[in-house]
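Engineer: Protein chains in written order, with our numbering: chain W, 1 to 189; chain B, 1001 to 1318.
Hint data in this document are derived by calculation from the structure and do not stem from the laboratory. Positions of the beta carbon are idealized from the N, C-alpha and C atoms, including for glycine. A couple of the hints might just be wrong.
Said to hold, decoys possible - Chain B side only, calculated, beta carbon under 10 Å to chain W, not exhaustive:
id	residue
1	Ser1087
2	Ile1089
3	Lys1260
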Amino acid sequence: DQNKALASVSAKSTTNVKFSDPHNFEPIVNDICSYLSRMERENKRRPMLNYIEKVQCDVTPHMRGILVDWLVEVADEYKLLPDTLFLSISYIDRFLSLNPVAKPKLQLLGVSTMMIAAKYEEISPPHVEDFVLITDNTYDKSEVVKMEADILKSLCFEMGNPTAKTFLRRFAGIGSENIKAKKLQFEHL
Amino acid sequence: MTEENADAQSSLNLFTQLVQCKNLFGHAHATLPSNRPDNIEGIYEVMGILGEGSFGRVYRCKHIRTGEIVAIKQIDFRYDQNAVPSSLIREVSLLRELNHDNIVRLLNVLSTETYVSLVFELLDQDLGRYISRNNGVRDPWIRKPATRYYRAPEILLDSSQYSTGVDLWSVGCIFGEMVTGEPIFGTKNSFDELDAIFSPTDLSYIFADLEPQGLHLLKMLLCLDPKRRVSVEGALKHAYFNDLPDHPRSRRYRLILLLKSLPVHNHLRTKGFILKANFQDHNDPATSSNGRVPADSLENVISCTPNSLPVLYLACSK
């Protein structure tokens, strides 16, 4: 099963790791992998599969797609880490699984989740004003801040979930035989 | 690597930063409303104030319906330019994941747009007394200690470009505490902390009990300049660790575990991972009597700096 698969890949990975990568550090790498995969499977950290039909009245899959494309550009504009982008999208899906959102507020949700993800992940996150600006002032500061509070409350301040990116980095590291191949960028998949 | 370049750019004169920092502290504290509320969100009745700090206040409260007694830490960010502080998002996310006897339990989070109330289990008086005796920790009821004791000078000086070296400084502080039995830079506030760090002291006098090799390593860990501070790899290769294997509960052995538990590079960290380095022997009656943390052990330290993997150091018994 999944656990065994993870355990075997991590065992393999320990053969040629560099010490300076703490997440491939032999004594703890299995603990990290199993902790993260267990955490990923927790219901509270997963979106509903069918939230568009079950919860949303206004939002469509196409609109979600446009929002994600726009957030990729926001992340690029402010030079945010790929982890921030992935986290942001996981917050959006979790929030939309719990709360119906009107079409005009979807971009507000996107920009506020990006702000939370940046605060969680980045060393120097952009300011609230930057996030207001990137929406071309569609929303004002108070709306972004209010939405931030709503998201944190709705998601119970549980903002530390692993994302696809977390595991991708790991598998890419294991799959590559040399250090050069490891530096392949996966950000824009 | 980019972090190293950033480090190089940030090598401002520490003294200049100290001066700026002193000016900064003069205005930093937002004033709290003097009156305490009667209740919190209509769910808890406020019974008294347990503590106060720059973050806000800690109240002793009773759940109106169930009668449960709890400690509620209110963090006020109404004057914060960027709304909810990132430290709060990280702290609460982490506490939400933690479930361990040695860590205070976060029972609930009540949030509004301008402040957050963290509902913690109320710890028994003994532990509270122990921690407050331990040189003035501000917040004795919450077992999250004043990690300020272990904060590197570059963080205290408000550098935005600090890197993994901050963890090595913390290891140095904890190492020193293993020797002396008390926090080596344990002072009342960040301001005094800087004075203590920058005051000219002879470490070989304070740590007279420590072996010469240990003292040498300690000096390398407590190097003021983060660029010249020893790295994890460097520290692990230090001659102090040459004659391992040692007794698993010895200072040397525990120090090695601590060093090995450190994240080395920020961008390689995996989010959400908590490392539990438990050095306490649960079968030892001296350390596990009544489930209390023994008075001669180090405090629990949750280190959650923006630049490092959240690492949890559990009680190290002396």
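Engineer: Against each hint, give a clear statement of whether it holds in the structure.
Structural biologist: Hints, one by one, checked against the model:
1. Ser1087: Status holds, d = 9 Å.
2. Ile1089: It holds, given that the least Cβ distance between Ile1089 (chain B) and chain W is near 5 Å, below 10 Å.
3. Lys1260: Since chain W brings a Cβ to about 7 Å from Lys1260 (chain B), closer than 10 Å, the hint holds.
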